[in-house]
Each structure stands twice: as structure tokens, then as C-alpha cells.
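**Student:** The hints should help you fit chain P onto chain X, whose structure is shown.
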Amino acid sequence: EAQVTQNPRYLITVTGKKLTVTCSQNMNHEYMSWYRQDPGLGLRQIYYSMNVEVTDKGDVPEGYKVSRKEKRNFPLILESPSPNQTSLYFCASSSGSGSDNEQFFGPGTRLTVL
Amino acid sequence: GIQVEQSPPDLILQEGANSTLRCNFSDSVNNLQWFHQNPWGQLINLFYIPSGTKQNGRLSATTVATERYSLLYISSSQTTDSGVYFCAVTETSGSRLTFGEGTQLTVNP
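Note that the protein sequences, when read in sequence, are chains X and P.
Convert by adding 2 to the 1-based position in the first sequence; the result is the number in this note's numbering.
Convert by adding 12 to the 1-based position in the second sequence; the result is the number in this note's numbering.
What the hints contain is simulated information worked out from the structure, not anything from laboratory work.
Since the model is a prediction, treat every value here as computed from it, not as a measurement.
Please note that the accuracy of each hint is not assured.
Far from chain P by the CB rule (all over 12 Å, computed), these chain X residues [claimed, not checked]:
| # | residue |
| --- | --- |
| 1 | I14 |
| 2 | T15 |
| 3 | M52 |
| 4 | V54 |
| 5 | D58 |
| 6 | K73 |
| 7 | E81 |
| 8 | S84 |
| 9 | N86 |
Across the chosen pairs, the derived CB separations fall in these ranges [what the hints assert, rightly or not]:
| # | chain 1 | residue 1 | chain 2 | residue 2 | range |
| --- | --- | --- | --- | --- | --- |
| 10 | P | Q90 | X | G42 | 43 to 53 Å |
| 11 | X | K19 | P | N30 | 44 to 54 Å |
| 12 | X | S82 | P | Q90 | 26 to 36 Å |
| 13 | X | N30 | P | Q90 | 27 to 37 Å |
| 14 | P | Q26 | X | S82 | 44 to 54 Å |
| 15 | P | S88 | X | D102 | 23 to 33 Å |
| 16 | P | P21 | X | G18 | 32 to 42 Å |
| 17 | P | E27 | X | I79 | 42 to 52 Å |
For glycine and all other residues, C-beta sits at the position ideal for the given N, C-alpha and C.
So that you can see chain X by itself, here it is in the shape it has in the complex (with noise of 0.2 Å):
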């Protein structure tokens, strides 16, 4: 079966403790990319990468760092989690060029830090 997965899909944790969210999808897509979802904001992109090893910042990249080492996945790092990272977290694919550019979403993370 097609799809995004992300792992934890919930995490509670503590300010400072470093934590990886992790992303991976099965289609063979080039683009990959980082949202975050929060009230009253909506959805806003945090990182995302057009291919292995070329990434690129969003609209929100501070306080996060991305990583493509491999096609298939797309890690979130956060390497000292502050209470305003607080989201919901979505990774998302594409094939990322042509007439054939939808995307699709994993399931999302729950993250609160305290």
C-alpha cells in the first residue's frame, strides 16, 4: 500500500530534550516536506527537500533542522524543543515535477513539550 508513515504519532516531552520525528514513504518521491498545524494558523511548511540531499527552508524552519540522506526518508530534528513547538506535526510526498504534482500527507505527530 501506497503511503507517508511518521513515527511517534503522539510524544509528550520536556523542554531541551532533543527528539527526531521520523518520515518515510514508499512511492519513490523526489519531494518531501515538513508542516506544522497550531490553532488559528492553519497549516505552515517547516522544511521540505526536492531531492536527496537538497533541502530547503519553509515558512517556519526556526528551531528545527531537516535531513535527505536517502530518498525514502525525511527525518524532523529538534534539537532543543521549546513549549512553542507544541503542534501537530505533517510529513508529506510528492513526485514533485510534471502535470502529476499531488501530494500526500502521513497521518501527523502530536508533540507537546512541557
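**Tutor:** Same frame as chain X, now just chain P:
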């Protein structure tokens, strides 16, 4: 950047009713998608429809790219249709999806 406006912001229906949700966007796009966010927070792809008309069961969508709007039709609504419906677009010059603020749909039994 591109602006995406959805209407209405809230909609309450009785089961069995029909509804139309609208999405206006401010610039040319090469991608337009409709999503349903269920009560568990998951974003479900409904339609990928940068232009034209598509149907999937009780749902259908139409995008008129030249006039910069898209419509999502829900017929014979069911309680399981409740949730937030998002329209999202990608500008022709970019790759990021820009989301509208959504329509909160409540279907009562």
C-alpha cells in the same frame, strides 16, 4: 504569496442534506487539492483537481482555473462527513502547498 480563501467557515447540516464548499485563490496554480481532516486529525486526500471536474461517490469537485476558484460538492451528507475540509494550492512557480483556513462541517443525525 498566494492567498486561499474558503467559504463558508462553518456549516451545520442535517444528515441527508447537500452542500457546496468554495475555495478562491489569488493567482495561477499548478496543483489544487481538497482534503478532509477527520476528528483524529488525519488529512485525507479527497481530490487532486487543478482543473476540470471529478467525482468520487457522493463527493465531486470542480475547478475553474481561469476564474481562480474550486467547488467541493457533498451530496446526501452523513455524520461521518463531519470534520474540517481544506483546500490547498501550489503556485505555478513553487512547490509548497498553501492551505486555506478550512470549512468546519458538522452533520447532525
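**Student:** Run every hint past the structure and note whether it holds.
**Tutor:** Right, here's what the structure says about each hint:
1. Listed as a non-interface residue, I14(X) keeps its Cβ farther than 12 Å from every Cβ of chain P; the least gap is roughly 16 Å.
2. Every C-beta of chain P lies more than 12 Å from that of T15(X), the closest at about 19 Å, which supports listing it as non-interface.
3. Taking the minimum C-beta to C-beta distance to chain P, about 7 Å, the non-interface status of M52(X) is violated against the 12 Å cut.
4. A cut-off of 12 Å between C-beta atoms confirms that V54(X) is not in contact with chain P; the least separation is 16 Å.
5. For D58(X), the condition that its CB be more than 12 Å from all CB atoms of chain P is violated, with the nearest at approximately 9 Å.
6. For K73(X), the condition that its CB be more than 12 Å from all CB atoms of chain P holds, with the nearest at approximately 16 Å.
7. Listed as a non-interface residue, E81(X) keeps its Cβ farther than 12 Å from every Cβ of chain P; the least gap is roughly 24 Å.
8. Interface exclusion of S84(X) from chain P stands, the closest Cβ pair being 22 Å apart, more than 12 Å.
9. Non-interface status of N86(X) relative to chain P is upheld: no Cβ of that chain comes within 12 Å, the nearest being about 19 Å off.
10. At about 29 Å, the CB distance of Q90(P) to G42(X) disagrees with the hint of 43 to 53 Å.
11. A hinted range of 44 to 54 Å for the beta carbons of K19(X) and N30(P) is consistent with their spacing of about 50 Å.
12. A hinted range of 26 to 36 Å for the beta carbons of S82(X) and Q90(P) is inconsistent with their spacing of about 45 Å.
13. For N30(X) paired with Q90(P), a C-beta distance near 35 Å keeps the hint of 27 to 37 Å intact.
14. Remark: the range hint 44 to 54 Å for Q26(P) to S82(X) is upheld by a beta-carbon distance near 50 Å.
15. Separation of S88(P) from D102(X) is about 30 Å and conforms to the stated range, judged on CB atoms against 23 to 33 Å.
16. Here the CB-CB span from P21(P) to G18(X) is close to 38 Å, well matched to the stated 32 to 42 Å.
17. Separation of E27(P) from I79(X) is about 45 Å and conforms to the stated range, judged on CB atoms against 42 to 52 Å.
In summary, the numbered hints that this structure violates are 3, 5, 10 and 12.
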